[in-house]
Amino acid sequence: MGEPAFEILSSALPVSVQGAPFRGHRHIGVPLGGAADPISRALANWLVGAPAEAPALEITLGEAKFRALQPLRIGLAGAAPHILVDGERIANGWTVTVKEGAEITLPATVRGCRTYLAVHGGIAVESLLGGSSEFPWPQHDREPRREISAGPRRPFRDRRLPHKTRFALGREVILRCVVGPDAGLLPEAQQTGLFAGEWLAGQRMSRMGIELNGETLTPRSGATMASAAVFPGTIQCPPSGAPFLLGPDAQTTGGYPRIAQVIRADRHLIGQIRPGMRIRLIPIESGRARDVYRHKLMLWRRIVPDLRLD
Amino acid sequence: MSDPSPEPLGDDTLRIALPASRIASAARALAAQGYWEEVVAGMAEVTLRFDPDGNDIDTATDRALAALADALDGPTVEPPTIDLKARWDGEAAPDGAMVAEALGIRPGEMAAFWAARDIRVSLMGFQPGFAYLEDRDGGLPDIPRLDRPRQRVTAGSIGCLGARLCLYAFDGPGGWPIIGRIAEPLFRFDKPDQPVLLAIGQRVRFVDAG
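Chains as they are written, first to last, in the numbering used here: chain A, 1 to 310; chain B, 1001 to 1210.
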């Protein structure tokens, strides 16, 4: 599986490897998985000349420390604005060369949630069901990953991300949504309030989903609904009345009312939501949402031609 | 039946409400088209996902209708019945006595009771390989979920809410009363071509493993 490239010295939250997601397997219960923010992951890979969906490290919130076990060239994108290499501060957005034995520190992030670290030569993983990501279901009692291997390298020139790709992560995120099929189970005032009010990302959050705190919703008798398909970006309303926004590792079916669905163009933003962040849900008509998606994809593909958004 | 009508469910998703008896064959016909990113069967609907980059909603809708026309007119094709060896006692069945009482039988009769029922896979999902089953014979009482979900249900466990049953594919939390356990793995990482044991619509026959 290649030469050991990094050792994970410490991380506040588990570091995962996220490559291609497990597309096309929801009918057998396999969640999508893959990078929670596929655009930042593609940009990190771009910095080291790797395909958009090459496996990269996904670091949540930080702080995380790594040791380079061989000379490496790395690319970082996402929430962390800089890294420290043996204590020296280096702004992200460049290909960074590190010496064997160097200590790489990703500081705790203040804005946004996830940072991606890609390495020239790629990270070696076994593919499964068309995916090359951490399998999105807790497996047996697997030990957390301690060592990361890199693959073979081709000659490659250092890069710098174009300025326009450094989208600012703020204190608030806007998610455009189409109204969900079960929104009618909410009282009329709440159907409006969902899109007029302000939500705060709760402490209960993971790659499976994020609880939204705000007005307590009171759906009519949702408990007896037949289980139906849910997807990343589906906003469900469980009996607690706190909407739950599903993430990339979300289960494939659910029995709670589906009150809204984040549009395909905006789902990559879910990966950058951190606890306490303000969230606004803006309604959009589905035909318009498709135009937004095509336009966003076209713009990003000028830089990353093989970018895919799910 | 009335004609199925795909309705948009978001910008990249269609939902088709269908009678339960037609869901499995519709899902198979739709998956065979190779057009959809996902074909997910639910209890009362099939949900389809497409990539709006290069596909518009009208094309997607027409595709769905074409598959359904074939699937709904033809005979229902069922996957072969599968025998699953199960244990119904001891630590495999922590709620066996409670459920037996609700069913009006003795705990020792559980194996024979379930072996005789017409049980089908009604839905695959929730987690990899997890199966929802349905008792088609009818007449079973509703059994409530546990007041406090277990932190750890063993892989292969059979959950029972009366006519609704489930099979847990992996160790993990779960709130259904547990009445037995099968030995065969429901999801296999070493079989990427066919990782799941069961298919929607399939008849499951429980065989007493003694």
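Among these hints, one or two may not hold up.
Not close to chain A: a few residues of chain B, all C-beta gaps over 10 Å, as computed [stated by the list, open to error]:
1) Gly-1042
2) Pro-1052
3) Asp-1062
4) Ala-1066
5) Thr-1081
6) Arg-1106
7) Phe-1113
8) Ala-1116
9) Gly-1129
10) Asp-1137
11) Ile-1143
12) Val-1196
Among chain B residues calculated to face chain A with C-beta under 8 Å, some are [stated by the list, open to error]:
13) Tyr-1035
14) Glu-1045
15) Leu-1072
16) Pro-1192
Far from chain B by the CB rule (all over 12 Å, computed), these chain A residues [stated by the list, open to error]:
17) Leu-61
18) Ser-127
19) Gly-170
20) Gln-261
21) Lys-296
If you're looking for bench data, these hints aren't it; they were derived computationally from the structure.
In this text, a Cβ means the ideal position worked out from N, Cα and C, and glycines have one as well.
Hints, one by one, checked against the model:
| no. | hint | in the structure |
| --- | --- | --- |
| 1 | Gly-1042 | violated (4 Å) |
| 2 | Pro-1052 | violated (4 Å) |
| 3 | Asp-1062 | holds (16 Å) |
| 4 | Ala-1066 | holds (19 Å) |
| 5 | Thr-1081 | holds (19 Å) |
| 6 | Arg-1106 | holds (32 Å) |
| 7 | Phe-1113 | holds (25 Å) |
| 8 | Ala-1116 | holds (26 Å) |
| 9 | Gly-1129 | violated (6 Å) |
| 10 | Asp-1137 | holds (20 Å) |
| 11 | Ile-1143 | holds (15 Å) |
| 12 | Val-1196 | violated (4 Å) |
| 13 | Tyr-1035 | violated (11 Å) |
| 14 | Glu-1045 | holds (6 Å) |
| 15 | Leu-1072 | violated (19 Å) |
| 16 | Pro-1192 | holds (6 Å) |
| 17 | Leu-61 | holds (24 Å) |
| 18 | Ser-127 | violated (9 Å) |
| 19 | Gly-170 | holds (24 Å) |
| 20 | Gln-261 | violated (4 Å) |
| 21 | Lys-296 | violated (10 Å) |
The structure fails hints 1, 2, 9, 12, 13, 15, 18, 20, 21 (numbered hints given earlier, in ascending order).
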